[in-house]
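Using the sequences plus the hints, can you model the full thing?
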Amino acid sequence: MMDALRGRSELGVAALLGVVGVLVAVDASGLDAGTAQVGPVGPKVVPLLVAGMLLVCAVLLAVDVLRGGQGELEAGEDVDLDQSSDWRTVLLLVAAFVANIALIDRVGWVISGTVLFWGSVYALGSRHYVRDAVVAVVLSVATFYGFYVGLGIALPAGILQGVL
Amino acid sequence: MNALNSLMDGFATAATPMNLLYATIGVVLGTAVGVLPGIGPAMTVALLLPVTYSMEPTSAFIMFAGIYYGGMYGGSTTSILLNTPGESSSVVTAIEGNLMARAGRASQALATAAIGSFVAGTIGTALVVMFMPLVARFAVSMGAPDYFAVMLLALLTVTAVLGASRLRGFASLGLGLAIGLVGIDSVTGQRRLTFGQAPLADGLDIVVVAVAIFAVGEALWVAAHLRRKAARTIPVGQPWMGRQDWGRSWKPWLRGTAYGFPFGALPAGGAEIPTFLSYVTEKRLTRHPEEFGKGAIEGVAGPEAANNASAAGTLVPMLALGLPTTATAAVMLAAFTQFGIQPGPLLFDKEPKLVWALIASLFIGNALLLVLNLPLAPAWAKLLQIPRPYLYAGILFFASLGAYAVNLQAFDLVLLLVLGALGFMMRRYGLPVLPLVLGVILGPRAELQLRRVFQLSGGDVSGLWSEPLAVVIYVVIAVVLLWPVVRWLRGLRRQAEAPDVVGAPHPEDTSEVGHLTGTGGRDEQ
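Protein chains in written order, with my numbering: chain A, 5 to 168; chain B, 72 to 596.
Bear in mind the hints are in silico, worked out from the structure with no lab data behind them. Among these hints, one or two may not hold up.
Residues from chain A shown here face chain B by an in silico Cβ test under 10 Å; the list is partial [to be verified]:
id	residue
1	Leu-58
2	Gly-117
3	Tyr-133
Computed, partial: chain A to chain B, Cβ under 8 Å [stated by the list, open to error]:
id	residue
4	Val-17
5	Gly-75
6	Asp-109
7	Val-125
8	Gln-165
Ideal Cβ placement from N, Cα and C applies to all residues, glycine included.
In structure tokens, the structure reads:
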């Protein structure tokens, strides 16, 4: 059993399609347009069709994977598919991203953006700590003022309110 | 003549100093992101959407037009100098282009690509001027059944024709349609797939979806497989061509244009098929067959022209029908919606100034590209050496900034991360991203038309094929969908006749074109 599943992580994609399909179907069957409905096709029909399509794809994909089918990994200029996935880099990037989400409304964009950029550069392997920090701060401050002055969009100043 | 007068007015609008500046910014920016690995025109337009909120729509679209053509051109520079094409439409250019560059003829390869792009782009845009009013006039008479059929055709062909695996294409389309369902149903006010989350009621902002799938997904994917040693670029001087190169290039340019424009203009567009056809044609017609496989200039000139002509052709269904067939066109459609402008047959009556200024700026952008890019080619080649940590950290930084600036809520950043993870997974398992993006944008529109059809027909299914055009389109859809089945059956018969043939064609089998362009539908991101 375990042997059959080895190297078949793509079954996870089929599972995801299935879960989304079920979610869409359950959500659709709970809809009731009542008197608001205009015409014979209500808000349910298309979601049910989409759910059906997702479920069919899920089953066919599972069958395809079990029979040895494989999705083609996407190539690119900077992508070296001969290396195995570098999860450490990806997780560090996600951490920098999450830090930005958690910080942006509390301490403001200038700080959270700096953390995001510096953290991402570090995750991707740069070790010029000071230079990276300077670039990160300059980018964050420049975008803050650029958006405020140029576009009239006030990004959160956070704890630097009054300083900026 | 009427179109010509309108076009002249368009030039008057587009040629103001401010709009010329925007066109220049667009062209330079477009070329830069086209050259840079990991970023493409679709991502750039998506990232710039928030920035253009406060701009005049006409100026914004003039800039987008520059980015659109500039991105096409930049992509070919990268594929010639690096031999790792980022966009599936420049895969074919890369074959002979990189061989030429390695044989010391990078200058000529870049020159024939640049001039070919200019020729094809200019002819293509002229054809847009000729055809678009006709299509728009015809489209006014199209009813809901026709619209629904055309949208279905665009969705299904993009899904079934591009990319290596149809099944994975449809999986991607299904996910996109599901994302498109999120929010309040426009007809009945029912909340669909909102799970009680208030920010979801307005639906997922297309900017957030596009940025997540293109930018965040791409950055994470590259990060997981980042080439530790930067790919070696071929040093290049000033692009130029000798007399013999001109003689060998001009016919492929014109033939490439002839292939590219119709394929782009069909609602089932895309540049993969015409570039491939152009390559095959030039290989057959060339007087120097011995050079193919060693760097033949015809093999760069033809496909590159086809690529740009198809980019121009894509604008016909996009503007006249509101029907995008490439990722960039899809994001531009989202931009129209953002400005409260509805592309479609009525666009010409409602926003003539904007449409004609946009078309005029396409001509201007093309000329600017030629003027700027011939001298700037060495600078673009330098851009390829930007340190990768800065490049991809920058993508994440600006993606977050763009997505946040739309509504100023951190919730959008959560969505960005979740959908970015989806984009990562799709790249890992070969699900093409274009069907998803088209599904998000076209799904709700197609649903609206479908419901209109049934309102008109009183619930009778035959309302779907109550108009002749719709019937024709359904026949086309049937052919597109059944084609691999026919091939599979023929394969079975052949196998029965010759039992010792190994490797029978599987229904999921990739076509010849699919093999060549099988980068999983990263069509001009």
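Which of the numbered hints above does this structure break?
The structure breaks hints 3, 8; every other hint is satisfied.
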